[in-house]
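Enquirer: Residue numbers (the numbering used here), protein chains in the order written: chain A, 889 to 1356; chain B, 6 to 300.
In short, the hints are calculated from the structure, not lab data.
Even for Gly, the Cβ is constructed at its ideal location relative to N, Cα and C.
Mixed in with the good hints there might be a few duds.
[To be verified] Derived contacts from chain A toward chain B, CB cut-off under 7 Å, selection only:
1. 1200
2. 1254
3. 1256
4. 1296
Spelled out, the chains give:
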Amino acid sequence: MADLLTILSQASTSLAAHREAAAVAGQNIANVNTPGYSRQTVNLEALTPDQLVPNGFIGRGVDVQSITQSRDAFLERQIPNAIASQSASSTESDALGAVSALDPDAAGGLSSTLSAFYSSLRAVAQNPADPASRTAAVSSAQALAQSFNRTSQAVEDARSGLDDKISGIVNEVNTDAANMASLNAQIRSGRASGAEPNDLLDARRQLQDKLTELTGATPVMDSQGDVSMALPGGTALVSQDRAAQLSTLPDSSNRGHLSLRITRADGSGPVSLPTSAAGGAIGGAISARDGTLGATSASLDSLAFDFANAINSVSSAGFAQDGTTGHNMFTVGATSAGAAGQIAVDPTLIANPALLAASSSAAGLPGDNTNMNALIATEQTALASGSDPETAFSNIVASFGGASQRAQAMSDQDGALLDNLTNLRESTSGVSLDEEMVNLTSAQRAFEAVGKVITTTDSMLDTLMSLM
Amino acid sequence: MRVTDRMMFENAAANAAKSRDRAQTAMEQLSTGMRVVHPGDDPTVAASMVRGQQTIDRMAAITQNAARAGDEVDASDSALQSLTDVLARARELTVQMGNDSYSAADRQGAATEVDGLMQQAVTLMNTNVDGRYIFGGNKDQTAPFDTSGNYSGDTAVRQVEVAPGVLENSSVRADVAVKGVGGGVDLFATLQSLSTALKTNNGNAIRGSLTGLETATTQVTTTLSQIGAMGDAFATAQTLAKSTSDATTKSVSEQSEADVIQSSSQLALANSALNATLTAAAQSFSLSLVNKLGG
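Just chain B, same shape as in the assembly (with noise of 0.2 Å):
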């Protein structure tokens, strides 16, 4: 092939250019550490990227929310555990002052303590995580019980996702717990009669509220277990949305990211292809005949 000067000297931009261009290239993954920037690197791993950050994304929201739920659920669990102790103190006292050695007086002070109880049973349904009443169902905004125990709430059970279009019950009825809807008995009712029996010294009422005591037991206990499997349901959806999370952003990292060790090896590669190129060219530029004619 006829070579000539300004082949000589194209070709030499050329392939400067083209090693320049692979440099640059092994450059930028390096110091940016991606492999895909503009969607044109690679459109696969460029659409992956964009749904793999929708699900990190995703699940970040899935651990915050079932963190929250299990706040409240821990929450309600301690309330109806404090609720179990108050039961229990109620229960001595029925069991004690059921026997009808104990004065009026005795009993009037014992009604006193129950009527306390009744406040301390009222208060812990009433409790409430950052702002929200978490026994009122729906109603979240009031406190769901007044002092005589009476219900406002709703039957309402609210339902927080654990997995995308995955719902889990997040809060329980109270109504059903302490107010003995669908077949119980009124927590409240109990204690109150309780009172009532105490007060008017009626020995067969006060052992007669024996058993609805050991009934609104039940009732709350049986609940307790609702809510340790709720706690477990939100405990695994925040284990289960960091694993996937984590599963995301590695097989995220793994397409997008640059490798290193390729990367260094690639600019290394391409620097030492320029010097040829350049050391080359300059060797060929001053290779002429014009040099070597004497004028």
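Bound conformation, chain A alone (with noise of 0.2 Å):
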């Protein structure tokens, strides 16, 4: 038979059970704001009856069956490879809309330098004896060849500032990846001792997202319970509880740009990492350095040094004002390699403008025009690259436009995907206050209720005990 005192024993018991659920909803109302919490939910259980009286068995009350996270394993596959795409992508597209040197309207850009330079030779070309002109053409040379420089050189710095942007992220992967690993160490723990560790569980996966944002770095679920990372490639960069480190190196073959290295999470190496192992914002920062600016950057050198070339060669064959011939223009490096930061217009010239070669012969000084027309010419004749150096520069304007068209775009559409997938994953894991404050007020409701039991039982005892 039903006692009082064990109805009062099992009021005691769906207590604490409700006032868990309390205590959850209040964990879920607390964290609606945190990122990466996923709602918890108890799961209440009635507890089977050990008692039998004469006509069935009355239950013992309830209590606590287990708090679980709401999760969908579906989604959480899908995002590691979103948040790596719109990581790389948006940090490329970042990278490459930060540089202005290329800016078709640029004030001082190349394309306006260029053009003032070739006016200046058809001043010259119009009265070659004309000192005035002859000055002005060389300072216009100079402008051209600084214009060069600069552009070559804020190309360059976009580069190192991703040099900068890529040990700082290295530095926040190693933190980590070392965290990761000791949260795969301490859930496994917890797990030991029968209960899911819902928070750190969270910080787990939030920590797995990060990664994965940096590095694109993909999880790997084990039979134990722990999550593995593995670089693109399949390096890995968590493995159980230790954690690879990366590290840079400057790349003397890359301009002194930096490379990547890893230690593997077994000890060995250091060993240098391939490109196509990372992704994320390191992949992005790196596609954007070598890709599209390296290659941009090459162009422009090409560009200076076919250009300084065709002029050298017109330019070396005319006589100048004093009767001497083989004067070159610009002086530029022996290959291509960094020309548009080194070309400079001959120091000589500079010195004394009348060394400008105007004349194709000593005998037609001083009002011979001709290799000026024909230094003019070289504006429209193809330079050793195949297009004459107007095209070739607005070949290079646009291809960079292309690549930092196509990286917006992409951009634009990562994002796109990703908030979508995150809403989604939000919808399911995510806190709703409405929901968590009618859980709170059921608990309570249930929590006065049983109240209501134990001091209903309370003033049957006391009957009982009147009756003594």
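The task is to assemble the complex, starting from two chains supplied on their own in separate frames and drawing on the hints.
Expert: Written as structure tokens, this is what we have:
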């Protein structure tokens, strides 16, 4: 038979269960804005009866069977890829969008100094003996050389800026990977105690998302419940409870820009990490640095190199005002590497604009402009690269612009996909205050009702006592 | 779909950010007047802006050069026109003094005038435009004719660009025009021999120089017609360069400049979308069970 004391003890178990339900609702409400938090649900369970009364069983109240997280494995599997590509494309798009040296309308840009250079040569061609036109032509050649230098420098600066970004990310990755490895260990020991360590799982999921965002690594779950992270190409960034370490090294074959190295999770290395093994923000930064910006820098170099050589070969064939020949207009290195950064006007020409070779023969001095007309003709003559200087430069602008536009479009698209997925994940795992208020209120009402059971039982006990 | 509080806040923030971004773009286009600032805004247009700017600058340089060359051609024209006047006066004197009724003293006086005409011709052929002697060929820094009419210039004809890659003569060969190189007469020698004939009172020689003077006049007028053609070429070059430049400017503007009306309506649209987003967000934020449950 159900004695009154049993009812009391049953009520106290139930009180505890409803208090726990209220506490979980409280935890959910408190974490309504916590990034990465998954709402928790209390699963109540009626306690099985152990008392047989003459006509049946009477239960022993209610208890908390488990506290689970609401998560959707299907969505969560898609999210890492979306994060990695969004992060890569937005890093690349931001980096390219910030380069203004190739703006078509930029004052003092390569486009305007190139045409100003040829305009000043035209003025010399009209009156080769006029010292004022010659001085103006030499200054505009200097302006052109400096414009090459500045444009190339701006592109290289953008590349160095990405290096800074890469080393910043590498530090972050190392910290996060180490934290994730230790979370794997903590979660394992948490589970050994029998319950799901929900908040540790949330923390790990957040690190997992962050590592994916930074490196493009994808999570690999194993049977023990550890989540390892594999970089694109398979190298482990986190292997169970051990983490690899990324580091950077200036690469002399790439103008001293940083290359990635990895000390593996087993402690071996460091070995160099191929760029294909880096995704996410690092991958985006490397792709912007060595892809679009690297190609732009190299095209500027080859334009500067070909242009200087084309001008020099015409210039050196002509005759200066003093009857000498063989004067170059520009100095540039022996190869195209770094040419746009090095190109300068020949110092002897700066010192003496009369050395501008306008005449094609010593006999034609001082009025002959045939060689100057030949110099002007280089404007429309294909360089070694196959197109004339102006077209070559407009091609550089077009291909840089195309890459920038593509990165922007990719970034928008990846961003929309990621927003959609995170919205869906939030829909499953996020906290709704309305729901939690309902849960809280229902726990409160149940708690009050169970309290009522206790006072009722108490008065029943009183009744019994007064009989004695 | 289950909608959580965080979703509401984040969506409101994301939508407001999108509207603000659109408004910002429209605002930038309106205030700069440009649709394409970064090559990524429109790569094709950015490249054609670069090429267009080059064309505009090139045409400006060509216009300027053609104008300068045109000035020199005009100066050549007026110098040679004056030279024909000099020759006409010389012919007049020759015809007049060819009449043997004139005395030696009369002819002596005429000789003095011819000497003056000779010096006038030398001065005309030493015309200097902006520091350069236009009849000296490439030897344009020193006077090409001395007082006795000896030529120290060369045979070069200068050429100036009238369209990209197209050159047009901007000077004439003075040795052909007045020194008779290539089968003509030497204008100065003719004047000198006229002067000598007058001084020596040689009636036949005086009458004999008329043919030479007429040939010299023909030579100069032939050169004048060449100069006229050059002047036309430079005038046409300036007009063409100007119209090419205008057409390019127009096409670059059409491609790269913002349509003010379109940008304005985009700005208005983005602003009203932003307003709607903010209003909706504010309303949905205030709706929560938390506010409805009495403590």
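Enquirer: So, for every hint listed, does it hold in this structure?
Expert: Against the structure, the hints:
1. 1200: violated, 21 Å
2. 1254: holds, 5 Å
3. 1256: holds, 5 Å
4. 1296: holds, 6 Å
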